[in-house]
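Taking the hints into account, I'd like the entire structure generated from these sequences.
Everything in the sequence shown is counted per the numbering used here, starting at 1 for the first residue and increasing by one.
Worth double-checking, as some hints may not be accurate.
So the derived label-pair ranges between C-beta atoms look like this [to be verified]:
#1 G389 / T244: 18 to 26 Å
#2 R126 / M2: 41 to 49 Å
#3 P131 / Y105: 20 to 28 Å
#4 A388 / D12: 18 to 26 Å
#5 A191 / R316: 49 to 57 Å
#6 A388 / T319: 56 to 64 Å
Don't read these hints as lab results, they were simulated from the structure.
The beta-carbon is built from N, C-alpha and C at its ideal position, and this holds for glycine as well.
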Amino acid sequence: MMRHELLQHLDDPRQLWDMIVIGGGATGLGTAVDAAARGYRTLLLEQRDFASGTSSRSTKLIHGGLRYLQQGNLTLVRESLHERGLLMQNAPHLVHNLSFIVPLYDWWEGPFYGAGLKLYDLLAGRLGLGPSRHMDRTETLDLLPTIEPDGLRGGIIYHDGQFDDARLAVSLARTLEDLGGVPLNYLEVKALEKSAERTSGVIARNRENGREYRLRARVVINATGVFCDAIRRLDDPAVDNIITPSQGIHLVLERSFLGGESAIMVPHTDDGRVLFAVPWSGRVLIGTTDTPVTNISAEPRPLAEEIEFLLTHAGRYLTRHPRRSDILSCFAGLRPLLKDCDKSETSTLSRDHAILVSNSGLVTVSGGKWTTYRKMAQEAVDQAESVAGQTARPSITAQLHIHGWQETIENGPWGV
1 MMRHELLQHL DDPRQLWDMI VIGGGATGLG TAVDAAARGY RTLLLEQRDF ASGTSSRSTK
61 LIHGGLRYLQ QGNLTLVRES LHERGLLMQN APHLVHNLSF IVPLYDWWEG PFYGAGLKLY
121 DLLAGRLGLG PSRHMDRTET LDLLPTIEPD GLRGGIIYHD GQFDDARLAV SLARTLEDLG
181 GVPLNYLEVK ALEKSAERTS GVIARNRENG REYRLRARVV INATGVFCDA IRRLDDPAVD
241 NIITPSQGIH LVLERSFLGG ESAIMVPHTD DGRVLFAVPW SGRVLIGTTD TPVTNISAEP
301 RPLAEEIEFL LTHAGRYLTR HPRRSDILSC FAGLRPLLKD CDKSETSTLS RDHAILVSNS
361 GLVTVSGGKW TTYRKMAQEA VDQAESVAGQ TARPSITAQL HIHGWQETIE NGPWGV
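Given below as structure tokens:
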């Protein structure tokens, strides 16, 4: 359906939506899909393009999170691996299996990282993508011909998922529409409507022509990522921030920097993060950084020190050391990392994401990542049902095929 046709759903001021979701990134789209799949009249409002912010500036990976494994957060790793498996079943046209190689240069790295990756395999269970295994120096160089050979002892190969984040976002918007929901971009929420001190809707402005709409809803869900505190202040100007943004950047290089078809995963950089060199659309994606920032911008810019950090670390592991002149493009995104939340307002809080309900009934979901977007969305709609006084309906998104899914030998009923 064309956008002008979708806008007609807003013309009737008597229309009462079951749920209005603010934010058209991974979390907002997932939340709206979950709500519509339960049969709720669902409206999603995004002030820019769908997934134009952080959700299109990822490392393009659906993964369990080896960094969380290093931190001992087995529950989050298990959940992420489970969600990875579900997404590969529900969107095999959007997510594919990619092999990663951990290069080994010290004697202790083989047993240490090997044990961790075997645990990674175990936590994935029946939804695993293939077992990890050790490789000798010769096989590692065969699969990664541009890896730094000096001191190389071997490698460990394991498997995770790769996807096109922007394409998945658009497919979720199409799925929402398939389910009877209404996804609308370039609709900016300017204010929240209140009735008897309860959030009862929004005032939204069409950024293309300036027209304003008063939209009523049983419950409003704030899923705006790093901008969630701005929406929360429309509800309560005195509210404290729950988000502390962190910037991550990626460099795009020529494909010749990374030989073979596998990605490289370096498990420990100078600042404690992992580093990826990933084949992507005929190029190589290098990332990422973790830089605290104070300014929340819709178009964050890579910092010079971030670029130098990635060039330096990539150069340690590649025979051809990348320079600034080799960078084809560079992009930055802001992670919505959680501060310690006010426990009186928190309904669901984990190290990965939080769902909060304000005194007026505004539901906010924030944090998380693409891999776990579906689970976050399910929890957000569960909470929204309670706020709206709705009789709980079960989520069906664990088995919901995303728009464009087709039955194949691999994912058909005869598949394993």
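Hints, one by one, checked against the model:
The hint said 18 to 26 Å for the Cβ distance between G389 and T244, and at roughly 33 Å that hint is violated. Separated by about 42 Å at the C-beta atoms, R126 and M2 satisfy the suggested range of 41 to 49 Å. With their beta carbons about 23 Å apart, P131 and Y105 fall inside the hinted range of 20 to 28 Å. Between A388 and D12 the CB atoms are about 20 Å apart, so this pair conforms to the stated range of 18 to 26 Å.
Between A191 and R316 the beta carbon distance is about 51 Å. The supplied range of 49 to 57 Å therefore holds. Taking 56 to 64 Å as the suggested C-beta distance range, the pair A388 and T319 conforms, at roughly 58 Å.
Hint compliance for this structure: hint 1 alone is broken.
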